[in-house]
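Chemist: Note that the sequence shown covers residues 1 to 535 in my numbering.
Everything labelled a hint here was simulated from the structure, so no lab data went into it. Just so you know, not all the hints are guaranteed correct.
Straight-line alpha carbon distances no greater than 30 angstroms define the calculated DSS-like cross-link-like pairs of lysine-lysine that follow [as the list claims (entries may be wrong)]:
| # | residue 1 | residue 2 |
| --- | --- | --- |
| 1 | Lys161 | Lys531 |
| 2 | Lys107 | Lys137 |
| 3 | Lys152 | Lys107 |
| 4 | Lys198 | Lys80 |
| 5 | Lys80 | Lys95 |
| 6 | Lys238 | Lys248 |
| 7 | Lys152 | Lys496 |
| 8 | Lys137 | Lys161 |
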Amino acid sequence: MPKTLSYRFFLVVAVVLVAFLFLIPTMGGKVPTWLTSVVPIEEIKLGLDLQGGMHLVLEVDVNEAVNAQVERNSQELRRKMRDAKIRAQRPQADKNGGISVVLLSDKDLGKFEDLAQREFDYYNKESEQAMPGGKLKVTLRMTPEWTAEIGKLASEQALEKIRNRVDDLGVAEPDILPQPGGRILLQLPGLSDPDRAKAIIGKTALLEFKLVDDQAGDPARLTKNTVPPGSELAYLHKRDRTTGRVIKEPIVLRKRTLMTGDTITDARMQFDSQYGEPYVSVAFDARGTRQFGDLTTNNVNKRLAILMDGKVQSAPVIQEPITGGEARITGDFTHEEARDLAVVLRSGALPAPVLILEERTVGPSLGRDSIEQGITSMVVGFVLVVLFIVIYYRMSGLVANLALLLNILLIAAALAAIKATLTLPGIAGVILTIGMAVDANVLIFERVREEIRLGKTPAAAIEAGYGKATLTILDANITTLIAALVLLQFGTGAVKGFAVTLSIGIASSLFTAITVTRMVFDVFLTRYNPKKLSI
């Protein structure tokens, strides 16, 4: 066996064996455990357009993120002014990134300006307004640069927390991608309960602890205008055990938030040992354990309201200090509500509400139709190409068709090997590759025909035909490959799926058209040494 034949033969055999190794799961077979521990072999995954699921475009409400930051800064400013002995009324945050402070004496203006410049340098002093009694109203405004930075950070944090929530949903191969303008593209293939997914993904999950104002009077007789200063009217949501309906019971809370859920490290659904009803158990980190311990120690025999996104879930009485770093959230939850609440608490609260700008649900039936139509088009294209090649190039056409079939198998194996997701545009890339693969053999066969017309033997014609056509084939395929790589780098979604299969297909077609077919001809010529070539 000649050297040129031996290396091509063993190379083709090795590639085919590896390809079938990765195709075993896709064809319904099982790979030995010892082998999967060495090589991560999985079946080809189908994209959203093939197996159904949900497509969402989300947007973080940046204004709410900025307002929340301004509110926190106003509370921090109040503490700083108290430490600096600056006499002033409680700072008021507005909805436009501003904080208004009324100084009780204009003599404290210098001290206030020094404090603001030292501790809050991302705010600019917007105005000063003299008031009766020697008071002075000063307004600080957040800088545009810091406002933009908060929006950017809010989008990044939301992306990470949404990714954690999707992981807890158990969706296989989700696509969670940042988009221009702070938006988030979310694709969940194979999702069976889109309503639950939207509820979990879009829930802000802001957990707050506030004291109940039991001195405010009968909550049923109070309104928002008659609630005492520093308190607010809210509603405790209870579920009627007989009818299952949710009942809203009025309750008066202190406005001040004593603690939030930003220190939670874990959240799990559990069942009450007495009644068997679900609740959510949360665990705090060291800072949260200290805060919750101080909160419960200083407020024994008082009612502590637990709020989720502004809704009062429960308001138990603090019987004794809780210093173990754990708390229980009850609220007449159903099994699914408690489980979903644990998911969002475990992933962490979103920095701001998330708006759903675009929603598309692809049903499994549409996915099956897409697969069937895609496969049908691929089979029809394959059959037409095979018939044309056999009719036009005779026995040599069979060699090209063998390489074409192997090309499709190699593409499928490569998709499984790199754990790529096959989409409908990806199938289009495979169909395009079929035509390009045949084009390479057409160039080679036409060169071989020219050499035979010049009177060369079949072996010499094959040698010259492959030698002269290879550079032309490489030139044409490499330029196409460059375009495919550009699409792969800068494209998203459907464009990227097309670019993946096209890139793999180009590499595969080069191998099958130049190496595999040459190996077949070498074996045939070496064994039979024909006088004529059916081409």
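Chemist: All hints are to be evaluated individually against the structure, with a verdict given for each.
Modeler: Against the structure, the hints come out as follows:
Between the alpha carbons of Lys161 and Lys531 the distance comes to roughly 71 angstroms, so the proposed pair goes past 30 angstroms and is violated. A distance of roughly 12 angstroms separates the Cα atoms of Lys107 and Lys137; the hinted pair therefore holds under the 30 angstroms criterion. Between the alpha carbons of Lys152 and Lys107 the distance comes to roughly 39 angstroms, so the proposed pair goes past 30 angstroms and is violated. For the hint pairing Lys198 with Lys80, the CA-to-CA distance comes to about 41 angstroms; that exceeds 30 angstroms, so the pair is violated.
Simply put, Lys80 and Lys95 have alpha-carbon atoms about 22 angstroms apart, close enough for the 30 angstroms limit, and the pair holds. With a C-alpha separation of about 6 angstroms, the suggested pairing of Lys238 with Lys248 holds against the 30 angstroms cut-off. Proximity of Lys152 to Lys496 is assessed by CA-CA distance (about 25 angstroms); at most 30 angstroms being required, the pair is judged to hold. Straight-line distance between C-alpha atoms of Lys137 and Lys161 comes to about 40 angstroms, which puts the hinted pair past the 30 angstroms bound.
Of the numbered hints listed earlier, those contradicted by the structure are 1, 3, 4, 8.
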